[in-house]
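S.K.: The listed protein sequences derive, respectively, from chains Y and X. Note that my numbering has the first sequence beginning at 92, numbered continuously upward. Note that my numbering has the second sequence beginning at 92, numbered continuously upward.
Take these hints with a grain of salt, some might be off.
If several chains are the same, the list does not tell them apart, and a pair holds so long as it fits within one copy or across any two.
Claimed, not checked - List of simulated lysine-lysine pairs, DSSO-like, C-alpha gap at most 30 Å:
| no. | residue 1 | residue 2 |
| --- | --- | --- |
| 1 | LYS151 | LYS639 |
| 2 | LYS537 | LYS584 |
| 3 | LYS584 | LYS639 |
| 4 | LYS639 | LYS586 |
| 5 | LYS568 | LYS586 |
| 6 | LYS99 | LYS305 |
| 7 | LYS639 | LYS537 |
| 8 | LYS151 | LYS508 |
| 9 | LYS584 | LYS99 |
| 10 | LYS568 | LYS372 |
In short, the hints are calculated from the structure, not lab data.
Protein chains: 2
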Amino acid sequence: MEFSELIKTATVEDVLLSRQGLPAVRGTLCITSHHLLLSSCPRGELELWLLIRNVDAVEKRVQNLGWYQHPRSGGSLQDTRVCGSSGTITLRCKDLQVLQLEIPGMEQCLNIASSIEALSSVDSVMMLYPFFYRPPSLQLQQGWHLRVPECHFQRVASQTSRWRLSTVNGDFSACPSYPPAVMVPAAVPDDTVARAARFRQGGRFPVLSYFHPKNGTALLRSSQPLTGPNRRRSREDEQLLGAILAGAGAGAGAGRGFVLDTRSAQAAKQARISGGGTEPKSAYPGWRRLHRALDRGRVLQDSFSRLVELCADPTVTMERWLCRLDSSRWLSHVKAALSTACLAAQCLDREGCTVLVHGAEGTDTTLLVTALAQLILDPACRTLQGFQGLLEREWIQAGHPFQLRCARSASSHARGKQEAPVFLLFLDCVWQLSRQFPLSLEFGEKLLLTLFDNAYASAYGTFLCNNEKERSLCKVKESTHSLWAWLEQPEEKHKYLNPLYSHNPLVIWPSVEPQSIQLWQGFFLRWIRPSQHLEEAWGQIQRLVQEKRQSQPLAEAPAGTENGKFGTR
Amino acid sequence: MEFSELIKTATVEDVLLSRQGLPAVRGTLCITSHHLLLSSCPRGELELWLLIRNVDAVEKRVQNLGWYQHPRSGGSLQDTRVCGSSGTITLRCKDLQVLQLEIPGMEQCLNIASSIEALSSVDSVMMLYPFFYRPPSLQLQQGWHLRVPECHFQRVASQTSRWRLSTVNGDFSACPSYPPAVMVPAAVPDDTVARAARFRQGGRFPVLSYFHPKNGTALLRSSQPLTGPNRRRSREDEQLLGAILAGAGAGAGAGRGFVLDTRSAQAAKQARISGGGTEPKSAYPGWRRLHRALDRGRVLQDSFSRLVELCADPTVTMERWLCRLDSSRWLSHVKAALSTACLAAQCLDREGCTVLVHGAEGTDTTLLVTALAQLILDPACRTLQGFQGLLEREWIQAGHPFQLRCARSASSHARGKQEAPVFLLFLDCVWQLSRQFPLSLEFGEKLLLTLFDNAYASAYGTFLCNNEKERSLCKVKESTHSLWAWLEQPEEKHKYLNPLYSHNPLVIWPSVEPQSIQLWQGFFLRWIRPSQHLEEAWGQIQRLVQEKRQSQPLAEAPAGTENGKFGTR
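The task is simple: from the sequences and hints, build the whole structure.
M.R.: As structure tokens, then:
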């Protein structure tokens, strides 16, 4: 396939661009393989530079009128067009931006629309922009060789000898959605692990997610066991989980573990019909099961779509707003995710128990819970680098299927069954934490927004594919730039830092009462009601902190830098 | 009356005090004329110093048990009481704090409860604490002689000669709820004003609230005209409003005015039955009427009570929370007040028209709208001193009946018909402005909380009585301290300043869409979920700004100080 085949019309003159909260501009529209550009007519300035991959839905409307007046022009002559036909294309972007293009000539309009539709839904990963993007300031290798699992292991190894780095999955044979190196109990040999993997959906055997140095407890994750209708068992899986409890910690809960199932008890039971299920109590002594049902998949996607639609509704009354906010259920999902993460953190920190988290596939709500629990428990995850390390370990390398989940955003009508904003839900929960603990996270809202944008449409390869195996096959690390390398550049990094950050060694227990959960306005209303004044305030605090540092050049290092590389501490 | 008659038991030993979010303490309880004190037993520290006036509702519960265990003690022996009878008093304070006192001995418990009830509902203003409070750092006269109307007049006089300071109400004869000096059109003599006053409810004739120097338009306020069922007219009232339009401004709307009625058209019409009504169009050429119904009185009070009850409910689910938040209607009231203030500000600033605001009495929603419109339009009102001046002019001296409206807060069951949290609604709207424009107000949330607390129960005389006439009769200015004098002290003032403030000369148009209105958590959840971390952040920004000032002693004066005294500029 050649991109040129998809571009039916490459340039149109005299196009009117309208965006929420910005004055309309007229200019020349260009379609390239990856971008939609608009340069304004009189001054030739570039007004728009949109990654076409960011387009979620294309809506077109054509008119055939003697006199056509743009509905938003307010009646001024300049905006009144004397022509036969014209059309309006509405682009609903994955980042929730909405653009309107008024294009003279019906045919041109339809051509532009179908070009955008075709280019925005290119299937092949290796045809995507990251494989073509070559910024002069970066080198291809930068940011890719952070050795995240190795660094994480080194940190754990400095605290305990009960875990080892296993390369049982070095060729992705044990679990295609796991990275080549994972942490397993030191007492369990690789062949046992490999056999245990066969008893877990998609081979996702229990691995260490986080070691809690305070009391030696561990947070683990996996997928569901393949118990099935015949109540199958696996000696190796039982051995693996048994070994984890056998030498665990010295606290009150030593030798006890919780399986935190992110499905309802009923859903977990029903999963047996299709070959899944739960760990039977008798086969796993010491382990107790807790169910906390977290919605996923279509339910979550619909919730997201409903909320986005509601936020963009300019006619809503206060009564309807609260009622529809309620029925979107998004805040309920946020509350449920945070509550479950708190439960996992409590089991570790307060009960002194080991916790294994899984739902069905172990690639969505499981990661949501383990990643949030670590942010709550572990100060090292709350630095900018530590958070990047957490994302690498618990989302990207852990095999959250970004390509499937983030193919379409809130507006697309052509959604597959696989889309679900689980990662957005995670970012929203992190935002809730940052709001409740404004000093404790080294990064601010802008990073969370950037992560969302890049997960859905990016110039970087970081969020491409569904797992490390696919990334390896597509040569993502060899052929694309890493988002982390971009963010590491001092002039970029500066934008994402929280100027008020100061290292907080404590567990940060969020309030999860409904009264405390807020709508993430900075995300959901980003384009509708730009928070220019809040950004000014943020900028002013940043300047104050910077001026202070410059006036105290010999004082201690800026907050956070002592935390070293990616999750090591 | 002697206070000692009301105090049936002055001291009780071994009382257990429980408060939201704080550990319980045991100590000796003392009731004095104005305070409830609790000093903890082993160390003799003062744990509680509560103004009894702050108590909104007293709930008592007595038990007669062999072994009584406090429900919150969690089973520790220390909190288990071996006694015959005991009682629990729950004090619901006007500032929404909830205290529990567990008192040994049924009789003592009942005595304490009835003493608190009696002391908290003393009727006579001159028996209240402000008449007894004599802080060593202040002198009685301080803060009382700010000459607010005179300063405001001087500012207007520097911009136009169309308004004059009238002393027609010097002896409170024209309008008992107006201050002695008010601003009226220069072209209208005092005897005309005095006769016009007879045509307005409570004598509240139209006076200048704010002069908009940009285009010479004016914001006025009054009460409803006494049109009545017989469609009475007043030549003097017509002359007064005619004179205002006759020489108004030079903008597009010159010679045109809007009467912004804060009642629905139907309610305004019905008011004729009881002697009130509206200005008939034919008699007031150039004036057009707009109706924007704002709820007041019992409706507003019930909304407040429902929301407070909801916020304190620990069992509420996310669904019930949003549903009950909706049905409390508090956010709808906030939105309606802000929208109406924006409408008034738009008529002035954009339409170039003069605006007269009134509802029925002109002492509640009228002041809400005129005060908010000024904050939106006038940068001088957004400094700490300017805001104090605005409160003096538009709430205290303008005759908002604080004594009637703030006698009881959200929890009292003994509410009269006159209570209504109109002033709280104003503070909430100011908070919404401060959230949307974090740099533009020189003061922060803490000032708004302090103003609420003092309006409902105070050591200072500032919010006592219903109007200036009553204050003069009670010798408030001679016998009590001014809250403004207290706040003016550098170590106090510092706490209320917004460290990010920078003078913004523009009109600040808030977003009033439902999506933009937020629950004021700092107020409604103040005691339930103390925002300790947010306060830390605020404190850290304050320190940064202070350090910057200290390191730049020769730079420009700190933000805001150039704005001079109370509303003058």
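S.K.: Could you tell me which of the numbered hints above are not met by this structure, giving the numbers in increasing order?
M.R.: 1, 6, 9 and 10
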